[in-house]
Structure formats: C-alpha cells, structure tokens
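So the protein lines, in turn, are chains A and B. Using the numbering used here, you'd call the opening residue of the first sequence number 0 and step up by one each time. Using the numbering used here, you'd call the opening residue of the second sequence number 69 and step up by one each time.
It is possible that part of the hints are untrue.
[Unchecked claim] Derived contacts from chain B toward chain A, CB cut-off under 8 Å, selection only: (1) ASP200; (2) MET225; (3) HIS226; (4) ILE257; (5) PRO262; (6) ARG264.
Treat the hints as calculated values from the structure; they're not laboratory data. Just so you know, even glycine gets a beta-carbon here, dropped at the ideal spot from N, CA and C.
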Amino acid sequence: MADYKNEFGWFAPKPTVEKKIYSAKAVAVGLAIFLVVFGAPVLLNMGKVHPVPQPSLDTPAIQKLAEKERQCVEPTEWMRANHMQLLWDWREQVVRTGERYYTTSQGKKVLASLSNNCMECHTNKSQFCDQCHNYVAVAPNCWGCHLPKEQKVAQAEGK
Amino acid sequence: MGINRRDFLKLAGLLGLGGKAAFELVLPGEVEAAVAKTEAAGTRWALVVDMRKLTDKVAARCIEACHTLHNVPNFQEPPDPKLALSEDLKNRWQIKWIWTDIYEHAFVGFEQDHKWEKLQGMNFLLLCNHCDNPPCVRVCPTKATYRRPDGIVMMDMHRCIGCRFCMAGCPYAARSFNWRDPRPYIARINPDYPTREIGVVEKCLLCEERLALGQQPACVEASGGALIFGNLNDAGSPVRAALRAHYTIRRKPHLGTNPQVYYIV
Numbered sequence: 000m001a002d003y004k005n006e007f008g009w010f011a012p013k014p015t016v017e018k019k020i021y022s023a024k025a026v027a028v029g030l031a032i033f034l035v036v037f038g039a040p041v042l043l044n045m046g047k048v049h050p051v052p053q054p055s056l057d058t059p060a061i062q063k064l065a066e067k068e069r070q071c072v073e074p075t076e077w078m079r080a081n082h083m084q085l086l087w088d089w090r091e092q093v094v095r096t097g098e099r100y101y102t103t104s105q106g107k108k109v110l111a112s113l114s115n116n117c118m119e120c121h122t123n124k125s126q127f128c129d130q131c132h133n134y135v136a137v138a139p140n141c142w143g144c145h146l147p148k149e150q151k152v153a154q155a156e157g158k
Numbered sequence: 069m070g071i072n073r074r075d076f077l078k079l080a081g082l083l084g085l086g087g088k089a090a091f092e093l094v095l096p097g098e099v100e101a102a103v104a105k106t107e108a109a110g111t112r113w114a115l116v117v118d119m120r121k122l123t124d125k126v127a128a129r130c131i132e133a134c135h136t137l138h139n140v141p142n143f144q145e146p147p148d149p150k151l152a153l154s155e156d157l158k159n160r161w162q163i164k165w166i167w168t169d170i171y172e173h174a175f176v177g178f179e180q181d182h183k184w185e186k187l188q189g190m191n192f193l194l195l196c197n198h199c200d201n202p203p204c205v206r207v208c209p210t211k212a213t214y215r216r217p218d219g220i221v222m223m224d225m226h227r228c229i230g231c232r233f234c235m236a237g238c239p240y241a242a243r244s245f246n247w248r249d250p251r252p253y254i255a256r257i258n259p260d261y262p263t264r265e266i267g268v269v270e271k272c273l274l275c276e277e278r279l280a281l282g283q284q285p286a287c288v289e290a291s292g293g294a295l296i297f298g299n300l301n302d303a304g305s306p307v308r309a310a311l312r313a314h315y316t317i318r319r320k321p322h323l324g325t326n327p328q329v330y331y332i333v
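This is chain A alone, in the form it adopts within the complex (with noise of 0.2 Å):
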C-alpha cells in the first residue's frame, strides 16, 4: 500500500525506478582491477608448492652433548606447538617475579632466558627460527633487544 503521505503527494504511489547498473562500464573495469589486484597472490601462486620448513637441530653446540641429554626444555613435539607460550611465560616470571629457574616436565630446573639458554643450543636462528617464521608469516618481536647468539658463533669461527 501506498503511503499516507510521501514526496509526491497524497497517496501517491512511488515511482518504480528502473532496476540497472549505472555506469557499468566503469563498475566492470574497477572489478577487473580488483580481482587482478586481489587474485594476483593466489593465481600467481597456484599450483606452486613451497617447501615446509625442515627447522635444523644440527649446531656445534647440539653436537657437543652427549646423545642422552640431546633433549630440549620440554619434548619436541610439546615445544613445537607451545614454545611461543613458554617464552611468554618466561617474559612474565623472569621480569615480574624474579624467578630466574623454571622446572621442566621431568623435574629439571633450567635457565629461563631467550638468548642464555635457548640460544646457546640453537645457534642457528636464521635456520631454526626464522624459516618458520617466515613460512607462517609471523613477526615476533624478541629479536629487537635479544641477541641471537648466532653473531657471537660467527666471530669465534672467524668469519
């Protein structure tokens, strides 16, 4: 029904407006730039495989110790999914309480400190770290102030 009372008077039925695309010329061009534009990464990537990560346990460091004790804080499947959460815990308690230990799953106490403990196993954090990183796209800020000791690595070895 009409309305009582709209622009065009009394009980006046709207004019229907004819239902089209405006300038659809323009509107189609704008579409092909956006599906090109947005699409790019996908077509260009299609059916490209990239590489997983093969993060490497191989250092110097890793190799000095004793096949037995060749074991991280925690498991490596646990440390896998979880290490981004155990060095947030670390941040916390290091900072905030002092607590400078932290007990493993198997009893263990350990240094928790990014660059004096973790670091000086995994000396190669442009292979072990950062290929991850990159592959998921994720940015995590440690390194702005931590040091990776992988400098320290390279000065000893002379190069």
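Dock chain B against the given chain A, drawing on the hints supplied.
Just chain B now, kept in the frame of chain A:
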C-alpha cells in the same frame, strides 16, 4: 539534657584510659607493637657513594663498567664516525644509566650563598635513586616500571610503550628515551644482555641480573670501595655501617621520593 565542656573532657579522659586498659587486657603488648618502629624484614638494597674516594677516574671506570655490560649506546662518540650527531642531538638523545654532574646541578635545594669550598663544582656520580616512593612508578600507565619488594625500581621493557611519563615524573633525570635504534651506537655488544629498541625508556636497574647471581652491581665492583652496596634492612650490612659512621646527603629529599642513594661528602 546537657553536659558542660569540663565534664565532657573528664569523661573522655576516663574513657581513653579505660580503652587502653581494655586493650592491655585483651591484647597485651599490641598497642606498643603497632606504634613502635620495628626493623623491616627482607631485603632493601641501597647504595652509598663515598665522595672522598670517588675521583673522576674512578667515576669514569664505574660508568664504563655499567655501560659496556648493559649495552648502553654512546651517542656522544658513535663507533662509526658516519653516525656522528649534531651537538644538539648528542645531548637530547643521550642515554645514561650512571653519569656524573656537578654538585650545583645534582643537589638542587641545597643552595647556600656561602658553602664548603670543596663542593664547588664537585663531580658527583649519579644514577637511579631507587626511591621508596618512586614518582615514575606512580605515573606509568602500563606498569612497565614498578617497585620490586627488594626496593629496586624495575623496568619491564616488554610493557614500555614509550609515553615518557616516567621521564617527566623522575626529578633526578635518571631515565633516558631511545629516540632511535640504539644498536648502531653500541661499540661492543654484550650478547648476554639485551639491547633496547627504538621507543622505550631505560635506566639503571641496580644490576638486578647480577644480584640474582649473588654478585655486586658492576659499578660497585669497578669502584674499588668508593661505592658501598648492601641491604638496608640488615643492621650488619656495609651500607648500614657507612650510614651509622658518616653524615650523608641525598638528592632532593624534600620532594618526598625517599631516594636510596646516599652520598658521604
């Protein structure tokens, strides 16, 4: 019904005595214990600077020890001459954990027209005072800076958003802001200690990482006895012995921050 002033005061006096007696009956000794000042428990770190032993050479050694250990950038003399800054920026961007300044600048509020001539232009070793009532902690909106139970005014760089309220709050200019990435300005990076990033405030943390290992702060170790460090709550500690034996002054105590770096002059 009325009561005159004299009777009211008499009654109040009696009630007061009765109240005290009742307290003594129910909780003997509690009232005295609440009023008396007892030795605080735990640790309260403090520093005493013995200005009689502190020469400019010793001070330079202390600064060197601290700044190399903690990766403090040097904007005055950058390791790469290409990074040299203008005179203006050298001062504005300066990062200092421990530094020297003359008596007249450091001890504002102690001015007198005629003073001990030795104090004239005397170089004092200055650092964060680790106040009991730190204004920087009050103003920090993220609790990036906070007071530890052992008295250290600590910085959590992870939380610092670089608002610089703490710098405005600190009356001792003990805090510095990283106006640019400090790493290129560090001559030798100590890989065991983190650097800082652009946009955070930093200051002396009383070598809390060394205290955790049972070591003395780096400046104290380098000072050869000019700096005395210890637990203020332990009557037998070297700081308490120094404070007992000497007259000491503190920077701007009238501001009520209760600074905990003492100077023997």
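Practice task
Could you check if ASP200(B) really has its C-beta closer than 8 Å to a C-beta on chain A?
Solution key: ASP200(B) check fails; min Cβ-Cβ to chain A is 19 Å, beyond 8 Å.
Handout entry: chain A contact restraint on ILE257(B) - CB to CB distance below 8 Å
Key = Since the shortest Cβ distance to chain A is 7 Å, the answer is holds.
Exercise for the section: Return the status of the interface hint for HIS226(B): holds when the least beta-carbon distance to chain A is below 8 Å, violated otherwise. Expected result: Holds - the Cβ of HIS226(B) comes within 8 Å of chain A, reaching about 6 Å at its closest.
Problem - Residue hint PRO262(B), partner chain A, criterion CB-CB below 8 Å - result: holds (4 Å)
Exercise for the section: For the hint on ARG264(B), just tell me whether its beta-carbon gets within less than 8 Å of chain A. Expected result: holds (6 Å)
Handout entry: chain A contact restraint on MET225(B) - CB to CB distance below 8 Å
Key = Nearest chain A Cβ about 6 Å off; hint holds.
The structure is inconsistent with hint 1 alone, although it conforms to all the rest.
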